[in-house]
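Just need the whole structure built from these sequences, with the hints factored in.
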Amino acid sequence: MHLHIPDGVLPVRLWLPGLALALVLLAWAARYAARGRQAVAYQGALGALALAAMALEIPLGPLEYHLTLIGPLGVLLGPAAAFVAVFIVNAILALLGHGGLTVVGLNALVLGAGAALARPTYRALAGRMTPAAAFATATVVAQAVSGALWLALVTYALRLPARAPDAGGFGAGFGAPGARVGLVAGLAFPMALVGIAAEAAVAYGIARFLGRVRPDLLPAPAAAVAGARGGAGPAPEGRPA
Amino acid sequence: MIEVLTRIDLLASSGATPWHRASALGKLGLALLLILLAVSVPGLRALAALYAIAWLLALTSRLPARLVLAASGYPIAFSLLFVVGRWDGTWRTPLMLVLRPLAASLVAVWLVGTTPYPDLFAPLSRVLPRGVADGLFLTYRALFELLERVERLWSALRLRGGTSGPPRRRLTAAGEGLGTLVLYGFERSQRLYAVMQLRGHSGRVCGCRHYAEASAADAWVALAALAAAAAALTLWRAG
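Protein chains in written order, with our numbering: chain S, 1 to 241; chain D, 1 to 239.
Do not take every clue at face value.
As the list claims (entries may be wrong) - Just a few of them, taken from the derived set where beta-carbon distance is under 7 Å, the chain S residues facing chain D: (1) PRO120; (2) TYR204; (3) GLY205.
To be verified - Between beta-carbon pairs, the in silico distance windows are: (4) S:ALA133 - D:ARG199: 26 to 34 Å; (5) D:ARG191 - S:ARG212: 35 to 43 Å; (6) D:ARG160 - S:THR130: 50 to 58 Å; (7) S:MET129 - D:ALA65: 50 to 58 Å; (8) D:SER155 - S:THR130: 46 to 54 Å; (9) S:LEU16 - D:ARG21: 31 to 39 Å; (10) D:ARG130 - S:THR130: 37 to 45 Å; (11) S:GLU57 - D:THR17: 49 to 57 Å.
Worth flagging that the hints you see were computed from the coordinates, not collected in a lab. Since the model is a prediction, treat every value here as computed from it, not as a measurement. A virtual CB, placed ideally from N, CA and C, is assigned to each residue, including glycine.
Structure representation (structure tokens):
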């Protein structure tokens, strides 16, 4: 199961503003995120790992689950660098026919919103629980936010009128007031829950390993960061804090 | 997916059809035109014509049909979700919902199957912020190395019983395995950074410049663009 929306199922009035917003955020994130070539290389390596992990088919009963790793990306890279990495991952996937080129902005916003929340969540929790548990919880938050946004987007698209008053086919949606939104949500919700549980367990394993061999790659808890810097502002992103 | 990705990348570099010889910029323009037309035409016949043109492009590129089907068939699962949600008792709506993403993904697969990635990313890197453009190259470059490692990791997990037992244990074991790859990615980024410094990297990864060099093969690209535009305009609302 992937969250990537393909071309042609959403009307232009949804994907065009989504693309514009994603590009604005991307320009900002690229400025704020990776300062330095090593940080860009690390961001590239983690983006590639997320792509490679998506190729894995993890058998979960009758389902085969494909990981997205947005939680680990978000915690390890930070909000801005994670958004850049997620956008790149979506662009490469769209070029390979997975997801769509016109909806690359919306897909990046949906997954990037979850990834952006992962590090703040981790930082807030890391002082109160083990790093692995905080990492897994941050992943749960990231997946839940992305899943909720995805469902909201699909629901909205299904409820749009079938033919919009604006121009020709460009504004046309496929939705209708009588669309079976409940049925779609009923199909998607259990899969989303399976996804959250799977991603959290994988994230727990990643953090447990990193905690043992390279704890410096995990971000410091919020209290430790504030104490160390004396309120000097946030750490540069795209590299371990 | 791993095999599909690897084969597409190989075919993009080793193919010798006119589509492979045409400029990346021209093909990018044709792909964008086809995708924009596919997602916007209201008529089923126009959409079917665009889908047929996309298949013609893919088959004349000598991309194996099974590979093209495997790579471009991904959107079906998601489209079916919309078909279920928007079932109105007609065939037209489900066909439109399935054909639009299929046509778009087929065009995308044709594009990456005929264009080596440095040529494809070079024009994109001119319009993207520097960090994003560099990230695009570095991510794709790291991808195949990590795909191999992920495959080996998965085989090792299977052989050592990491894929048996309760799901939580299996997934945590997979996570620990992926943790080794996070570590590898970090160390790789340090090595790559050192290599970039040694080679006098200017601070920007640039693709080669022949992405915009037009050749006689670009006439085919222009012809395909004309055919697509004519088909879409003629059949805009038909069916």
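**Asked** Can you give the numbers of the hints that this structure goes against, from lowest to highest?
**Response** 1, 4, 5, 6, 8 and 11
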